[in-house]
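Undergrad: Here is what each chain is made of, one letter per residue.
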Amino acid sequence: MADQEEEQDNTGDQNHKPQDLPQVLVLKPPPVLSVIGEESFLSNKYQFLKAWESPLPLHQFLTAHAGSIQAILCSGAAPVTDDLLQLLPSVRLVVTASAGTNHIDLEACHRRGISVTNAGNVFSDDGADAAVGLLIDVLRKITASDRYVRQGLWVNEGDYPLGSKLRGKRVGIVGLGGIGLEIAKRLEALGCNVLYTSRKKKTFLSYPFYSDVCQLAAHSDALIICCALTDQTRHMIDKDVFSALGKEGVIVNVGRGAIVDEKEMVRCLVHGEIAGAGLDVFENEPDVPKELFELDNVVLSPHRAVFTPESFMALCELVVGNLEAFFSNKPLLSRVMDV
Amino acid sequence: MHKYLEQQLETHFNLFKLWHCNSSIAEFLKTHQGNTIRAVVGLDKIDLRKCEEKGIRVANTPDVLTDDVADLAIGLILGVLRRICASDEYVRIGKWKDADFGLATKFSGKSVGIVGLGRIGTAIAKRAEAFGCSISYFSRSQKPFANYKFYSNIIDLATSCQILIVACALTEETRHIINREVIDALGPKGILINIGRGAHVDETELVSALLEGRLGGAGLDVYENEPEVPEELLGLGNVVLQPHVGSDTVETSDAMADLVISNLKAHFSNKPLLTPVI
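So the sequence lines, in the order shown, correspond to chains A and B. Residues 1 to 339 in the UniProt record's numbering are what the first sequence lists, from first letter to last. Residues 1 to 278 in the UniProt record's numbering are what the second sequence lists, from first letter to last.
The hints are simulated quantities; they were obtained by calculation from the structure and are not laboratory data. Keep in mind the model is a prediction, meaning the values are calculated, not measured. Just to be clear, a hint being listed does not mean it is correct.
Stated by the list, open to error - Below are the DSS-like pairs computed for lysine-lysine, each with C-alpha atoms no more than 27 Å apart in a straight line: (1) A:Lys263 to B:Lys95; (2) B:Lys143 to A:Lys185; (3) B:Lys97 to A:Lys28; (4) B:Lys97 to A:Lys290; (5) B:Lys126 to A:Lys185; (6) A:Lys28 to A:Lys45; (7) A:Lys28 to A:Lys50; (8) B:Lys149 to A:Lys185; (9) A:Lys169 to B:Lys126; (10) A:Lys50 to B:Lys126; (11) A:Lys28 to B:Lys95; (12) A:Lys290 to B:Lys95; (13) B:Lys126 to A:Lys202; (14) B:Lys126 to A:Lys263; (15) B:Lys3 to A:Lys247; (16) A:Lys169 to B:Lys97.
As the list claims (entries may be wrong) - Footprint (simulated), chain A over chain B, 3 or more residues, beta carbon under 8 Å: (17) 8-14; (18) 62-75; (19) 84-93; (20) 107-116; (21) 123-134; (22) 237-243; (23) 247-256.
C-beta atoms are modelled at their ideal positions from N, C-alpha and C, and glycine is treated no differently.
Hey, can you work out the whole structure from these sequences and the hints?
TA: Shown next, in the form of structure tokens:
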């Protein structure tokens, strides 16, 4: 059996015996799999069990394979719930092809002794670039004035209204994890003053820390949301925060839509109670509140803050790396440590 | 002219608005003798030799707009590479639900080449460094204190980098410095960012390179014939077009206006100009 496993190259060869390899359940293909292609995820240490390709109803499919499924590859579209884990007693690892873990019942995994890995820092640069790009765009009105030019208005109407300078702006980062730290680095080079809130103060950093997001907003000209979505952070950016941020304040969200009370944000934008927004995420994707389409001080992005070929290749390597490490009894590469 | 500057000029001086009168420039100047002050940093529209001949003082507004122009360069790079403008349009017209938009390209870590390492070029370099980019440059002469790779030949610079940024002054030597050869050297994966002057770039060549896919993309704040923008660019998703807004922030416009006023006040009280050119 062992020699056969080593000889297999998973290319659909006549000698290939798929049932010999440990199985990784994939309920729905994560974006990275669809974009990069399955070939890049092939390994001689595991094989994918693709639930979406089976004609069986899901429950039946899972029951049929329960004994052999040792790991799950998931993403936002295919959550890992306690009920799912209940059906799969042999699962010891959940790998998510994302930085976010809000679609995984982490407490259930912890209770069942199941390890979880995520995208680690592969998205940090791209996430930061997107956040900073959105901030510069909103303050300097880049997308709005690009539209102005394309509509022929520069010729007919003259100069576009002035934007707002970056240097000296106080930018409050909500969540100083991998992405938040990279954002801070870039903001410093732009001459912004970095402030932050986080679950815990980072003692190795000298940026001013606020334990309360409202206090942070009160001292900021712009807020950048890049924290995880948890029970504590759901709708954390609410009416009080917008009020503290004020009429000249700007918000950028590259975290999750549900961190922000979207209805309230839209109301504030429409009534000029905040000055603008750069949004990559929304509460109910791909639905975007239509009121935002009328606004020139809003920049909208279809949840692609980390969608670059470079990030996806790095993510693919990390997913494969974690799965291979797991099946070789080696340490996981990007384990999610907190529950 | 920006409102704040106009107000300040009218408050402190007798302001003669050439654009409001019907006479030619020559007639106007005969009746209103005076000196020229211009609120820009670029000196390409001023005949410096003539001014010097006639003893006309010239002052400009350097430094105050360095940050804004550098910030715009970074904003343009992100706009082009990460397709921020194009995907905003995609969302607004309701396409998010329909189809996959395709991937943008990473900015962090890319190689950046800067044409002209003056104040603005240096400010751009410092910002790009924070994005993990490698920096190289082409300049009239090597800068001894710059820790970046120097190329004495602009083709070599364009060949070596993925993002080429024009940040030099417009002179006889730099007119059309970005020509077909440079664009081809930059290549189908390269992008050009122009925050200098439209005349730095052979615009016809730029347009055909973009249409033919010989250049990957462009972020432009300036054009050869403003406010005219080549029509062919208006439909492209791999370009970002700005209406010459490099220094157009409230803060910088006010600062430039203040500097203009201070220079004028200094001049009229026989004190040294704050930011003289000649």
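Undergrad: For each hint, tell me whether it holds in the structure or not.
TA: Here is how each hint holds up against the structure:
1. Restraint check for lysine 263 of chain A and lysine 95 of chain B: the C-alpha separation of about 22 Å stays at or below 27 Å, so the hint holds.
2. Proximity of lysine 143 of chain B to lysine 185 of chain A is assessed by CA-CA distance (about 26 Å); at most 27 Å being required, the pair is judged to hold.
3. For the proposed pair lysine 97 of chain B and lysine 28 of chain A, the alpha carbon gap of about 18 Å is at most 27 Å, so the pair holds.
4. Taking the CA atoms of lysine 97 of chain B and lysine 290 of chain A, the gap is near 14 Å; set against the 27 Å cutoff, the hint holds.
5. Straight-line distance between C-alpha atoms of lysine 126 of chain B and lysine 185 of chain A comes to about 12 Å, which keeps the hinted pair within the 27 Å bound.
6. Between lysine 28 of chain A and lysine 45 of chain A, the direct Cα distance comes to roughly 21 Å. Compliance with the 27 Å bound is thereby established for this hinted pair.
7. A threshold of 27 Å between alpha carbons decides the hint, and for lysine 28 of chain A with lysine 50 of chain A the separation of about 7 Å falls inside it, so the pair holds.
8. With a C-alpha separation of about 23 Å, the suggested pairing of lysine 149 of chain B with lysine 185 of chain A holds against the 27 Å cut-off.
9. About 18 Å separates the Cα atoms of lysine 169 of chain A and lysine 126 of chain B, which keeps this hinted pair within 27 Å; it holds.
10. This hinted pair does not check out: lysine 50 of chain A and lysine 126 of chain B have alpha carbons roughly 47 Å apart, beyond 27 Å.
11. This hinted pair checks out: lysine 28 of chain A and lysine 95 of chain B have alpha carbons roughly 22 Å apart, not beyond 27 Å.
12. With a CA separation close to 13 Å, the supplied pair lysine 290 of chain A and lysine 95 of chain B stays within the 27 Å bound.
13. Restraint check for lysine 126 of chain B and lysine 202 of chain A: the C-alpha separation of about 26 Å stays at or below 27 Å, so the hint holds.
14. Annotation: proposed proximity of lysine 126 of chain B to lysine 263 of chain A is violated, straight-line Cα distance about 39 Å (limit 27 Å).
15. The hinted pair formed by lysine 3 of chain B and lysine 247 of chain A meets the criterion: a straight-line CA distance of about 23 Å does not exceed 27 Å.
16. The straight-line distance between the Cα atoms of lysine 169 of chain A and lysine 97 of chain B is roughly 35 Å, outside the 27 Å bound, and the hint therefore fails.
17. Here the stretch 8-14 of chain B counts 0 residues with a CB under 8 Å from a CB of chain A, which misses the bar of 3, and the coverage is violated.
18. Closer than 8 Å: that is the beta-carbon criterion, and the stretch 62-75 of chain B has 6 residues meeting it against chain A, so the requirement of 3 holds.
19. With a threshold of 8 Å between beta carbons, the proposed coverage of the stretch 84-93 of chain B by chain A holds, since 8 of its residues qualify and at least three are required.
20. With 3 residues bearing a CB less than 8 Å from a CB of chain A, the stretch 107-116 of chain B meets the requirement of three and the coverage assertion stands.
21. Only residues whose beta carbon comes within less than 8 Å of a beta carbon in chain A count, and the stretch 123-134 of chain B has 6; three or more means the coverage holds.
22. Check result for the stretch 237-243 of chain B against chain A: holds, 4 residues qualifying (beta carbon to beta carbon below 8 Å, three or more required).
23. A stretch counts as covered by a chain when three or more of its residues have a beta carbon under 8 Å from one of that chain; for the stretch 247-256 of chain B and chain A the count is 6, and the coverage holds.
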